[in-house]
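Number of protein chains: 2
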Amino acid sequence: MSRIASARDISFLLYDWLQTDGLCQRQLFAEHSRETFDAVLRLCEQLASEHFAPHNRKSDDNEPHFDGERVILIPEVKQALDRFAEAGLCAMSAPESLGGMQLPYTLERAGFAWFLAANVGTISYPLLSMANANLIARQGSQTQIDTFARPQYEGRWHGTMCLSEPQAGSSLGDIRTRAEPDGEDELGARYRLRGNKMWISAGDHELGDNIVHLVLAKIPGEDGQLLPGSAGISLFIVPKFLPAAAGSIGDRNDIALAGLNHKLGHRGTSNCLLNFGEGRWLPQQAAGAIGWRIGAPGEGLKCMFQMMNEARIGVGFGAIMLGYTGYLHALDYARLRPQGRPPDRRDPHGPQVPIIQHSDVRRMLLAQKAYVEGGLALGLYSARLIDDQLSHPQASARTEAGLLLELLTPVVKAWPAQWCLAANDLAIQVYGGAGYTRDYPVEQFWRDNRLNPIHEGTNGIQALDLVGRKLTAHQGKAMALLAARIGATVAQAGAADDADSPEQASRLAEALARLLEVNASLAGEPDGERRLANAQSYLLAFGHIVVAWIWLQQALAARGLRAEVDRDFAAGKRSACRYFFRCELTKVGRWLDLVAEGEDSALRMQDAWF
Amino acid sequence: MSRIASARDISFLLYDWLQTDGLCQRQLFAEHSRETFDAVLRLCEQLASEHFAPHNRKSDDNEPHFDGERVILIPEVKQALDRFAEAGLCAMSAPESLGGMQLPYTLERAGFAWFLAANVGTISYPLLSMANANLIARQGSQTQIDTFARPQYEGRWHGTMCLSEPQAGSSLGDIRTRAEPDGEDELGARYRLRGNKMWISAGDHELGDNIVHLVLAKIPGEDGQLLPGSAGISLFIVPKFLPAAAGSIGDRNDIALAGLNHKLGHRGTSNCLLNFGEGRWLPQQAAGAIGWRIGAPGEGLKCMFQMMNEARIGVGFGAIMLGYTGYLHALDYARLRPQGRPPDRRDPHGPQVPIIQHSDVRRMLLAQKAYVEGGLALGLYSARLIDDQLSHPQASARTEAGLLLELLTPVVKAWPAQWCLAANDLAIQVYGGAGYTRDYPVEQFWRDNRLNPIHEGTNGIQALDLVGRKLTAHQGKAMALLAARIGATVAQAGAADDADSPEQASRLAEALARLLEVNASLAGEPDGERRLANAQSYLLAFGHIVVAWIWLQQALAARGLRAEVDRDFAAGKRSACRYFFRCELTKVGRWLDLVAEGEDSALRMQDAWF
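As you go down the protein sequences, you meet chains A and B in turn. Heads up: the first sequence is residues 1 to 610, going by our numbering. Heads up: the second sequence is residues 1 to 610, going by our numbering.
Hints may be right or wrong, so weigh each one.
[Said to hold, decoys possible] Quick look at which bits of chain A chain B covers, simulated, 3 or more residues with Cβ under 8 Å:
id : stretch
1  : 166-178
2  : 344-352
3  : 355-361
4  : 429-438
5  : 441-453
6  : 460-472
7  : 583-592
Keep in mind that the hints were calculated from the coordinates and are not lab data. Even glycine gets a Cβ: it sits at the ideal position worked out from N, Cα and C.
Okay, chain A solo, but in the shape it has when bound (with noise of 0.2 Å):
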């Protein structure tokens, strides 16, 4: 069995559970059908474990370095990205009209699944590159789209999102970059953009023929101030090469690598400080970076939103999969390492046991399964929403979705941030002292998996973003949307006819009960500072709570699988969803009461206290 994903667990989860084959008959997908679906899927699987897995420890044990000239990677990086992009993944969603596979997202993130599990430093490359096509696709003009989107879903090209500045990472609104204007041409409104950029994941690299940057900016006034807050944030497109006929690459633009950051983790990936327009190239006989407006001004932050929630989802997958990949190494491990005996089986002349044969270790393998299939499922549940917001055929259902997928964009992108790096964690556990070591993986997947409840909106971010926007936004009709899902749910477990789905059903219903009563109590709370106060503990409760959810619709959906074959994986979804019920849903109680009693001792500490 690959260590790298479950394709059982994945077919189960696309098929039996959110019958991804049914997009077939939509319009949109009507080419496709179960089996290009499930060649793709192998095709990935094997493109992940051929070329992605194997050079996953040497891209960790050789950072990104700059030789002041050319940022350098190992060699197996490029190899990777070629194959995969001649396969033609790069643009698996993306419309045919643009030369791309129509393939539903959920379809494409299931794939993804493999990269994000094998390397997540190579693949970062194209999913960024991937997400800025997308933008650019849906927000660009013709020009814009067939100049700069192009050459990215063809893999030839790459790009970024620039957001964060030295002094501005949370605080986008605090940025400094000024794009001055600079006339137009065929490519739409130019501009000369000066400024520092911080924090670009693949910013500088020579991984295909030119880097196409999103970038934040602020147009001066006509006093030549800028705006403060993020009212006055536009956005541009700035390439490392400005674009010249056919596809090829003119001038080089006026962007300049200041260095590269050293990390934790997530190495094989570069990550920039960039310098805009210091001069250190004259495209068009002039200093500062050329760039192209796209989407109206001040409307920056708005437009770059598209893409930093598939970015926050992207997050969301990237520690899903880190999760995974660790549970299946520690679950092989466990299975091979003899040591110690059972407390019935005591008699020192017997041979030791494989350490799954210890309790303690099947719970730390049974957590593992929770959070890191639980995520999964979630995740996909979430690609499904997009799908559905796309091209749902009934347009209720695609307002809905996109109701619930802005409500839940929070906890995609937390909730495995932080459970499935738990799970990582427990990985190493099971390993023991050889899981401390770099003999083995586990330590590095542990590494990788820190930077996601920090980037893209670190985890408090996301609370705040929760609980101070997406829980009241639209008069509050996606909290009672997700509401009657669940309450749908809940339904349905309660009439189900086995032992344990009913007693899921109430629990279920009962921690739902008690979050509605602690909305209400939030939206009395007039105090800004207070409200938002606990909303860290406020969205562990709801994470968990979504997550119960859906692992109960796994359950379900379980139950349903008939085939002998089937017998012990459909045990072993029962058994997590059971786990997760009794060993992780209990938590929430607590959180919620902190929300609900104001806790407020962060509140009242003082800095001269500490």
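With chain A's structure known, arrange chain B on it following the hints.
For chain B alone, kept in the frame of chain A given last:
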């Protein structure tokens, strides 16, 4: 303020709380006074700051390597250790008769806290040596003490503990190293040892003239067979070089370094695979590593457990101080890094505020404070128990201290290994993206600390030790004693005239009562596997109750601080205590519920279902 540790907090814990200066009234410490104590603490702070902290990152970047003959460390390690030895710190708590300072163990631990926080990799060498020398000093013959313990107290020789083998880590009864009788000499019964030892910290290096290994091995029976299980284990002193006249060294012993482990963290300490008796060297013209038995045959594990228990408390302190220094770094960063604006001051024209002004950042800092200051107090309390066990004038008090220490040892090891590691995770989160880079130290603290839940008995093993042995040992006397001590604090806090103490007293009393109920139900469980199935949850609950008790004692002691200059410090202690009771102790109910209901998800889970 130092970012290594807090002299103010150490002083508070030692004097305002534990009244360590009172120990000077005991004959053993009659030469000492608060002045000598403070001089030693200042010396430790100074040496740690000037000679240990500066090369902490360099040791991590340049881990020990083996050139085929020698283990090479960066020179700063030996320079620091020479200063440490010159100052006499290798013998801080050793008796004067052996050249020691004869300081209380509590003082020694408080002093060493500075070094653990500054550079755990470098300080591990003398800490291991001291634990080794202490074992020999208590259990060896006079000649063994003079030959092997003295040079370690002088800092000229080093020491290790050699327990694990490739096939025997947690299950020491399965070791296969053989010790064949080889006559007797002035150092005692002599043996030739053959076998492979694994995970030997400081197992080889050239920091001193010799390395004294304490090795677990089995003496074959008359049939040439090794007795299975731990009953057959004896303990041996096996030096790298045979001792010669007047403290000098002779023949190289037959111990070969087979390789170094390359670790996630703790990289400054060499970690070795050692082959004993493979014939690489021929001491006294024959193959086989020469060793002398210490203690009676078959009592090796019992003898070693003195060092193991000391090592477990040492692990706890290591975890505490890595968490502590991470907290101080994060606090400093949060005070200096401007980013964003609080909800009630969102005007983008205004300046950004230091992130400590965000309530969610204060939450993360407060949690760290609660973990690390709670941990340090717990550690020093256990150190005080060691002092009381050895030197309390009343025999009953000595017995009681020993009982409590035995019960608390798994907690002192496992609680900081879990929660102070969690503190390091929070420290990274406070730094955000910067924390994920190797430009800041918090990522290293996190990696270094990840060892602590693994070594010297995993946290899972500590849980089994607590539930399977410690709880019921001595007819449950230790548990009854702990309950009585907690009860005394509850009574004191209940009678206090402030707003928080009585409420906290009643919360603690309630948690304790529930714990005792669960103890009773555990005692009634006849099935060994079921009794131990939730040992991990039990340990979590037990640990949090113990630390809540320790926090309540701190808060009460802080209320005794009347000086104006102590106002902020005391408010900080009370706030962290309040946080611990509201946000941490409230976790206990669920953990105990899992134990009480005999949660059996992991027990029921079958290998094939994963």
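Each hint tested on the structure:
For a cut-off of 8 Å, the count of residues in the stretch 166-178 of chain A with a CB near a CB of chain B stands at 7, and the three-residue condition holds. Counting residues of the stretch 344-352 of chain A whose CB falls under 8 Å from any CB of chain B gives 4; the rule of at least 3 is met. Counting residues of the stretch 355-361 of chain A whose beta carbon lies closer than 8 Å to any beta carbon of chain B gives 5, which meets the minimum of three for the stated coverage. Given as covered by chain B, the stretch 429-438 of chain A passes the check, having 7 residues with a CB less than 8 Å from a CB of that chain where 3 are the minimum.
With 6 residues having a Cβ less than 8 Å from any Cβ of chain B, the stretch 441-453 of chain A passes the three-residue criterion, so the hint holds. Against chain B, the stretch 460-472 of chain A contributes 4 residues with a C-beta closer than 8 Å to a partner C-beta. That satisfies the three-residue criterion, and the hint holds. Judged by the Cβ-Cβ criterion of 8 Å, the stretch 583-592 of chain A is covered by chain B as claimed, because 5 of its residues qualify and three suffice.
Taken one by one, the earlier hints all hold for this structure without exception.
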